[in-house]
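There are 4 protein chains.
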Amino acid sequence: MISFESDYIAGAHPKVLERLAETNMEPLLGYGDDKYCQMAEEKIRQACSCPDAKVHFLVGGTQTNQVVISSVLDDYEGVIAATSGHISIHEGGAIEFTGHKVIALEATNGKLNAADIDNYITTFYADGNHDHIVFPGMVYISHPTEYGTLYSKDELTAISNVCRKHNVPLYMDGARLGYGLASRQTDVTMPDIARLCDIFYIGGTKVGALCGEAVVFTHNNAPKHFITKMKQRGALLAKGRLLGIQFNTLFTDDLYMEISRHAIAMAEKLKSMLKEKGYRFYLESPTNQQFIILENEQMSKLVQNVCFSFWEKYDDSHTIVRFATSWSTTEEDLKELEKCL
Amino acid sequence: MISFESDYIAGAHPKVLERLAETNMEPLLGYGDDKYCQMAEEKIRQACSCPDAKVHFLVGGTQTNQVVISSVLDDYEGVIAATSGHISIHEGGAIEFTGHKVIALEATNGKLNAADIDNYITTFYADGNHDHIVFPGMVYISHPTEYGTLYSKDELTAISNVCRKHNVPLYMDGARLGYGLASRQTDVTMPDIARLCDIFYIGGTKVGALCGEAVVFTHNNAPKHFITKMKQRGALLAKGRLLGIQFNTLFTDDLYMEISRHAIAMAEKLKSMLKEKGYRFYLESPTNQQFIILENEQMSKLVQNVCFSFWEKYDDSHTIVRFATSWSTTEEDLKELEKCL
Amino acid sequence: MISFESDYIAGAHPKVLERLAETNMEPLLGYGDDKYCQMAEEKIRQACSCPDAKVHFLVGGTQTNQVVISSVLDDYEGVIAATSGHISIHEGGAIEFTGHKVIALEATNGKLNAADIDNYITTFYADGNHDHIVFPGMVYISHPTEYGTLYSKDELTAISNVCRKHNVPLYMDGARLGYGLASRQTDVTMPDIARLCDIFYIGGTKVGALCGEAVVFTHNNAPKHFITKMKQRGALLAKGRLLGIQFNTLFTDDLYMEISRHAIAMAEKLKSMLKEKGYRFYLESPTNQQFIILENEQMSKLVQNVCFSFWEKYDDSHTIVRFATSWSTTEEDLKELEKCL
Amino acid sequence: MISFESDYIAGAHPKVLERLAETNMEPLLGYGDDKYCQMAEEKIRQACSCPDAKVHFLVGGTQTNQVVISSVLDDYEGVIAATSGHISIHEGGAIEFTGHKVIALEATNGKLNAADIDNYITTFYADGNHDHIVFPGMVYISHPTEYGTLYSKDELTAISNVCRKHNVPLYMDGARLGYGLASRQTDVTMPDIARLCDIFYIGGTKVGALCGEAVVFTHNNAPKHFITKMKQRGALLAKGRLLGIQFNTLFTDDLYMEISRHAIAMAEKLKSMLKEKGYRFYLESPTNQQFIILENEQMSKLVQNVCFSFWEKYDDSHTIVRFATSWSTTEEDLKELEKCL
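Protein sequence lines, in the order shown, are assigned to chains A, B, C and D. Heads up: the first sequence begins at 1 in the numbering used here, then just goes up one per residue. Heads up: the second sequence begins at 1 in the numbering used here, then just goes up one per residue. Heads up: the third sequence begins at 1 in the numbering used here, then just goes up one per residue. Heads up: the fourth sequence begins at 1 in the numbering used here, then just goes up one per residue.
Because the hints were derived from the structure by calculation, they are not lab data. Be careful, since some hints might not be right.
Identical copies go unnamed one by one, so any copy, or any two together, can satisfy a pair.
To be verified - Quick list of in silico lysine to aspartate or glutamate cross-link-like pairs, EDC-like style, CA-CA up to 16 angstroms:
1. 269 / 338
2. 313 / 127
3. 275 / 316
4. 339 / 127
5. 224 / 74
6. 224 / 131
7. 269 / 332
8. 15 / 276
9. 275 / 297
10. 111 / 26
11. 313 / 295
Could you build all of it, start to finish, from the sequences and the hints given here?
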C-alpha cells in the first residue's frame, strides 16, 4: 500500500536521528536551557536575517498556535483567521479553550485578503457598540495555507501593512513553511516573513522532525515570562534537547530547505502525473499538497491501493481528496502510484 | 563536570533510539492511531494485569497532569494534593489555568495521609455552606513523591479506600514510577497500583524515553472524547508513533524495569558513599532521588565539580540539595563523584 | 427628547417597586433560598405547565447565557447559534471566555433553520476527522430574535425535533420573551416553549424588572451543583430576594403578559405611524423592535429630537435604525414621536 | 424569630428605595453610561480624596473579586490572600475558574502580615526555579476581614510598602467597608485606603443597597477596556442605573457612614450584652460581626429563637457562631435577643 496521505507519515530525516543518537549521552540542562537550543536559535536568527529574534521551541502545531495566540492576546481580544484556517476548524477549539474567539473571515483558496481585514477592523472601531464585541487583537494566516496555496510578497506586504496600521500583530502558522519557501512559484523568502510578520513558526513536524516547531518573535516582542506561560499550558518540554538538536540539525548545511525542495520536486512530478492521467484539480497548489476531485466510484477503487486523505464532499457524486508529498517521498513511491492511477 | 542534577539529563535508552531508527521510514497513521501505540497499550495492560485498561500517550508530565485532571473534574471540583505535590507548586499553575483549584493538604515527606483526606472530605460535606466551596473531585498523589518517598501497600490501600468511600477518583502521578517499583523497600507492584488507583501514569521522560508518559485509565473510565480533549489542550501529538514506539520498546523484555533497577542500584551505591563520607540526609529516600543537607561553604566548593540540584534553604548556614540517579547513571559517574566528595 | 432607544431605558414596573418596598424589612435568607424565590418558581412552573421544571434566577442576559451554556456543555462541545445571535456578536466573547466555541450558522432575519442545523450536525458526524473539530453540544436560539422576529410553532417544533434526534439540548434566549408571547402574530405559547426547549430563560430586565432573568430547566435537567457553578461564575446574587420578589410580582395576576401586551400595542401603533409616514422597513417584525432604513441626512435630523439605535450601515447613503417600545412606552411618547417624524 | 444571621437579611435602606422610585421613569442610557453613575463616581472620588480615581459599579462581591483580579493579573500570576480570605475558600473557586491560583498565606485573625508577604515574594524571586511557579501578581486583603477584624493604619501602611517595593498591586475587598470605617477602634479613613491601596471596593450589598459594589481604581490604573472585560465576564449590568442611583444615594449626605455607624452602635450594644451574660468570645472584633463560642447544647436551644450563623467547629462540644448587625438592626431586635440569651 502506497502512502500519500499526509506529510507526517514517516519519522524524522535520517540526519536528525543520527544527531539525536550522537548526542544522546551528553548530560544537558532541561527546559530549553541547553547549548543545542541556543545553537538552533542562532541559526534560525541567521536564516531569518533577524538578529534580534527570540526563538522558542514547542512540540506541535496546535500547541504552538494555542500557546502563542493565548499568550499574546489580552482577555478582550480575539484572533482574525480564515474560515478555513486550521485554528478555525481543525484544532478542536483549542483557541476558544483558552478564552478567545476566532473571528472567521471568508477566504479564497485558504487565503485572507488585506482589504477584508482592513474593512473588518475599520468597521469594528466605527461601531458605537464595539465595547460589547470581541476586539480584533491578532491576525492569523497560514503559509502555505490548508489548501497548499501561498501568499505572494505583495499580498503578504499588504496584510502586514494593514496590521501595522491598526497596531494588530500578524502571526503566521508555518506548519509547512519549508514547502512554501521551496515552492517554484513563490517570491517570498524567510527574511521577508521575518520582516513582515510579528510572530511566525517554522514547522518541524511536517518537515523532517519527529516533532517540534520553532516560534520566532521577530522584534523583542516575546510575551513577558513566556517560559512560565509555556509551562502553565503544559507545553514546556523537559528534555528541550529533543527540539534543540532537531532544529539545530535541520538548520545546518541548509538541510531544512534541501529536504523541502525535494518534497516540492516530488509534488511537481505528482502533479504532472495526475494532469497527464486527466485528473481534475480542485485548485492550483504550488506546494506539497495537491487536491483533486474524484468520482466516488473511482475513489473507492483507488483507495484499495493508495492512501490519501478525504478532504470534503464536492457534490453528490464527487469528493475532493488530497495527496501530499514530503521530505520522505521517494521516486519509488511515485512509480508505484503511477501504476495505481 | 559530573552530573547528578536530575533524572532527565540524558537522551533516551539506546534501545529506544534503535527502534525509532528501525521503524523510521514506515508510513504510519498519525495521532496515536498506529500499530506501535496499540502494541504498547497491550503490553502495558499486561504489565498492569488490567485487561480493560485504556492507555493514552502524552508528551510530558505537567501536560499529563493538566490534561487528565481538567478532563476528569467537573467545573465545580478541585483536586486534593499534598502542599509539596508537583501540581501544587512546580507546574506554573497549570491546573488553575484550566479553572480548577488545587486543594493543598499538609503532607509528611511528600506523602498524603488517608485519614487527613477522609477528614477533609467529611468536613467539607458536613459544612452547611459547602455549596460555596470548591468540591473535592479527585485525589492526586505522586509515587515516588517529590521527595523520593514511597507509599506502602497499606498506605495506598487506605487512601484508595477513602477515595472509593467518597466516590472520588484516585490519580497517581508516576513520573518516576519505574524507580518506585524497582526500589528495594517497596511492597507495591504495578498491578497493585492499577487495582488501587482509578488513573495513573507511567513516566517515560525520566525513565528511558526522549519524552512521553502513558496514562492508564484502569476501568473503562477514560473521559468521553478524550482524544478531542487532548487536541483541545494542544496535547495530541501528530506523530503518535514517537510515543508508541518508545513505550513499546520500554515494555518489551522488561526493559522499563531493568533500567529502573539499574538506577536504584546506582542510588543505593550513592547513598552508601554519602553515608560513609558522613553526609547528613534530609530524609530517608528509598528511590533514585537523595536529599542531603550541606553547609553552604561546603556546597560552594562541591558545585565547582558536580552538578546537583539546590532544593531549598534548610537554615541560614545550610541548604538541602538533591542528587538523582537514573537509567543513564554509570559506575564511572559514581567513581568520579567519590573523588569530589 | 423622546426615547425609543431600547427596551431597558426605564426602571421597573411600579408594582415591582411597590413589592420591593413592602417586603423590604423582612429578614430573608440569601442566595435564592427565600420564600419569594420559591413562590416565583412555582408560579413560573404553572405558567409553563411544567410541574417538574427547576427555575434559577440570574441577574442579566449575558450572564445567563454564559452561566447556562458553560454549565451544560462538556469541554469538547460548542454551541450552535445564528451569526446574528446575541452570543455570536454582542456579548464580548463571554461564551468563548468560558472555553467554548460559538458555531455560527447563517440565519434569515435572525432565525436559524431546522434543516441547516440538521445538516451541520449530520455532516459533522460524517466527517472522519470530527475528533479534531468542536462537537455541536447545544443549539441556541433567541425568541424574539435580535431582529424582533419570531419562530412559528412549526419552525420551533422542527428545530426541537432535530435537536432531539441528535441528542443536543435546545436553549432559548428569552431576553424579550414577553414581547414574543404577546405578539399578535404568534402561535407559540409559554407551555409550547417549555415542551419544545430543554432550557429557556424568561427575560425580566427588558420586561418590567430592574434586573433579572429566570432560567427554566424543563425536565430535571439542571446541571449538578448548579448553585456552585453560579457562585463560581460570580453570578449567585447574595440578596436573591431582589430577583424572587420581582419575578413573583411579574407572575402574579398575569402582570408579565399584561405589560408585554401593552408594549406590543404601542409597537403596533408605532409601526402604523411609520408606515403612514412612508418610512421604509428593513424587515417585518411582529414584536416590540422595529427596524427602518433611513437616509443618512434624514437620520441626522431625526436624531436631534428622538433617541433610537443605530443598527448597521445599509449602504453608503442609508442606515438601519431601531425603534423599541416596552412596558414603559406611553401614548404620550408616541404622540411626541409623531410630531418629530 | 429574631435574626442576626448576616448583614444582608434585609432589602435596601429606605432612602435608596425612595430614590429608585423617584427616578424610575426617567429614560436613561444603559451599561453605566447614565448621569447617576457619573454623580456617584464623583461623590466617591471626593469621599476618597482621590480626584483621579476611576469607579466602576458591579453587582456582587464574588463577581467583583473575580472581575477585578482576573482583569488585573497576567496569565502567569496568582493572587496572595489569607488562608481564611473569602476568595481562598468561600467563593466556589471563582478565581481559579478564571485561570489564576490563590496563593494562600497563613493569617492571624483573618489578617495578613506585611513581613509574611515580603518574605513570600522575596523567597519566590530567590528561587532559581521560579519560572515553574505561579508569580505573585497581586495582594488581596479584606477589611474588615472575614473575622470582623481591622488593619491598623500602621499595618496597612506596612503592607502597602511591601507591595510597592515589589511592584505588586494591593487590592482591598471592602464588602463591609462601611462597618470598618465606622468602627470606634480604627484609625483608617477612606482617603487612607485610597492612598495605600491600588484598587479597593466599597461594599453596597451589605451596607444599605439591594445589590452593588463600587470598585475604585485609585490612580489611572483601571485595566484597558475594562467595560469589555466586565461584559465578557457576564458582569456588565444592562440597567446600570440600578447601581448608580443606589451609590449616589449612599454617598449623599453621608448616608453610607451614617448607617454604618448605626450598625456599629448596635454591634457595641450586642457585644456588651453578650459579655454581661458571660458569653465567651472567639476573638475581639471591633466591627459588626461578633464571634462567640457556644456549647453545643446551648446552641441547640438558642437556635430555636434566634437566627445566627454556624461558623466552624471549635472542639467536640463547642461551636463558633457569628452574630451580625447591620444598617437594618434595631433596638427592638436587641431587646428581643436579650430575652432569648
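Now the hints, each set against the structure:
For a Cα distance limit of 16 angstroms, the shortest separation of residue 269 from residue 338 inside one copy, 10 angstroms, qualifies, whereas the shortest one across copies, 62 angstroms, does not. Proximity of residue 313 and residue 127 under a CA criterion of 16 angstroms is satisfied inter-copy only: 10 angstroms between copies versus 38 angstroms inside one chain copy. In this assembly of identical chains, residue 275 and residue 316 lie within 16 angstroms of each other by CA distance neither inside one copy nor across copies; the values are 23 angstroms within and 47 angstroms between. For the homomeric pair residue 339 and residue 127, neither the shortest alpha-carbon distance inside one copy (59 angstroms) nor that between copies (29 angstroms) is at most 16 angstroms.
For a Cα distance limit of 16 angstroms, the shortest separation of residue 224 from residue 74 qualifies both inside one copy, at 13 angstroms, and across copies, at 9 angstroms. With identical chains, the CA atoms of residue 224 and residue 131 are at most 16 angstroms apart between copies only, with a shortest distance of 11 angstroms across copies and 26 angstroms within one. Taking identical chains as interchangeable, the C-alpha atoms of residue 269 and residue 332 lie at most 16 angstroms apart only when both belong to the same chain, with a minimum of 12 angstroms there against 54 angstroms between chains. Taking identical chains as interchangeable, the C-alpha atoms of residue 15 and residue 276 are never at most 16 angstroms apart, the minima being 35 angstroms within one chain and 46 angstroms between chains.
For the identical chains of this complex, residue 275 and residue 297 are neighbours neither inside a copy (19 angstroms) nor across copies (58 angstroms), given an alpha-carbon limit of 16 angstroms. Taking CA atoms no more than 16 angstroms apart as the test, residue 111 paired with residue 26 passes in neither setting, with 45 angstroms inside one copy and 33 angstroms between copies. In this assembly of identical chains, residue 313 and residue 295 lie within 16 angstroms of each other by CA distance solely inside one copy; the values are 10 angstroms within and 44 angstroms between copies.
The structure fails hints 3, 4, 8, 9, 10 (numbered hints given earlier, in ascending order).
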